[in-house]
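Quick note, the sequences are listed as chains A and B, same order. Those letters in the first sequence? Residues 1 to 264, per our numbering, in order. Those letters in the second sequence? Residues 1 to 264, per our numbering, in order.
These aren't lab readings, by the way, just hints derived from the structure by calculation. Treat the hints with caution; some may be incorrect.
It does not matter which identical chain is meant; a pair holds if it fits inside one copy or across any two.
[What the hints assert, rightly or not] With a straight-line Cα cutoff of 35 Å, these simulated DSBU-like cross-link-like pairs (lysine-lysine) come out:
1) Lys196 to Lys172
2) Lys190 to Lys104
3) Lys4 to Lys190
4) Lys166 to Lys104
5) Lys63 to Lys263
6) Lys4 to Lys63
Protein chains: 2
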Amino acid sequence: MAVKIGIFDSGIGGLTVVREIRRLMPWQPLVYFGDTARTPYGTKSPDTITRYAMEDTRFLIDKGAEIIVIACHSAASIASAAVAQEFSVPVFEVVSPSVAQAIKVTRSGRIGIMGTRATVESRVYDRRIPELLPHACVFSRACPLLVPLVEEGWLRRRETRMIVKKYLKPLKDRQIDTLVMGCTHYPLLKEVIQAKAGRRIVTVDPSHQTAIAVRDYLESHGLAAGEDTRDQERIEHYYVSDLAPATAEIAGRFMGRRITMEKV
Amino acid sequence: MAVKIGIFDSGIGGLTVVREIRRLMPWQPLVYFGDTARTPYGTKSPDTITRYAMEDTRFLIDKGAEIIVIACHSAASIASAAVAQEFSVPVFEVVSPSVAQAIKVTRSGRIGIMGTRATVESRVYDRRIPELLPHACVFSRACPLLVPLVEEGWLRRRETRMIVKKYLKPLKDRQIDTLVMGCTHYPLLKEVIQAKAGRRIVTVDPSHQTAIAVRDYLESHGLAAGEDTRDQERIEHYYVSDLAPATAEIAGRFMGRRITMEKV
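Can you make the complete structure from the sequences, with help from the hints?
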């Protein structure tokens, strides 16, 4: 039986996770919720982020989601335990698969984390990585200007490259060999980030790793949708809490194609 | 009788208006509300912004405000008429005083507007200025990266100067002689904006102009608070809908001093 995946994010950045899920699981039913009326979460307090994450999850379950994917790093860092405790469905989020991948690829154990203020201040990576790799050294850097730069579409501009370089400098100074792009927006800057990080640093893309984790779970539990579900069950719905004039254009940038979004 | 002024903004940028009000009216009771749990408004839709503005105004009136100041340009551009219609108190906002000042100082009638996406797309300045100055030509430019740059405290950095220059270029190409800094965050960039605009362009600071408009109203209606109200009535309250770790620091930057904020 093909289960429906429910994915939420503070806004539309989580569509980078959806895009990866679609690439690996083209026939799986899915429902997306982007909380665009209250975006971003990354600058808000833990209490507020947890409350929003609960409401978002409830919405997706009401829409038939049987698996939850928290595509927002701030919510994943702060609220995933609370969500998993409250709801009796499997909860995936973008942090754990990135932690697993970072541990797998690092040689020196020196791992850098880029993220929003909320993600970095939650210290989730600083706690989780050493639990699994005791000799690891984790260095984090809040990069709050990257989300607005991506939403502006300034993906390759000189100012963007300068700001990425400035953000990465303290991480490079600590001689990291692995870099987690800890925000759903950052994969769109992957080229610039990789260029400024240099060849010796391996980047980890949480959107991609999360899609792999979800696929592995579905396949091992016999819940993956095959091509035969195409006609009746291959449904995808995209909901947002606000639909501003620029939203559709930005969403297209994240998904790589146009999608229809419904305001709720 | 000294009336209490109620000021709201999508976040804490409106404190630049409070600072100007305090400078001109040190004894006037005031209550501030910053909707930090849903900030920013500038990227959201007109319907959502109007709903938020109504809720913010209701909150201030419940706290005893007898005059409302909409310190958020996005809300002022989109929702001020709806707020004025719904509530039976005088409503001031940041757009009208800037329009009046721009008309007063321009010689050529070529006026540039910087603002958030919502403000620029509302075309409020493009409509309002020619109503009062028929030969005026208004040129607008959305500058969505400036708010996050200010909130990061990057007030004089090279990247900030480059981005301001890029935003101003199309306005300078149109040979404006007057520039409205149409967002409460921009006065903190006044130095950079003035430097990139050049000496021949006069900048208009809406926070300052709005404080003047409120003071003139209070004085002409005998509602201004004198020094004698200091002990009992000189009350100021600052409320926010979310209090993230960085909020107090950013608020201090806007106000020029530390203030105590209460989360509601």
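Verification of the supplied hints:
no.: 1; hint: Lys196 to Lys172; in the structure: both (10 Å within a copy, 33 Å between copies)
no.: 2; hint: Lys190 to Lys104; in the structure: within (20 Å within a copy, 49 Å between copies)
no.: 3; hint: Lys4 to Lys190; in the structure: within (29 Å within a copy, 51 Å between copies)
no.: 4; hint: Lys166 to Lys104; in the structure: within (27 Å within a copy, 43 Å between copies)
no.: 5; hint: Lys63 to Lys263; in the structure: both (14 Å within a copy, 32 Å between copies)
no.: 6; hint: Lys4 to Lys63; in the structure: within (9 Å within a copy, 46 Å between copies)
Hint compliance for this structure: no hint is broken.
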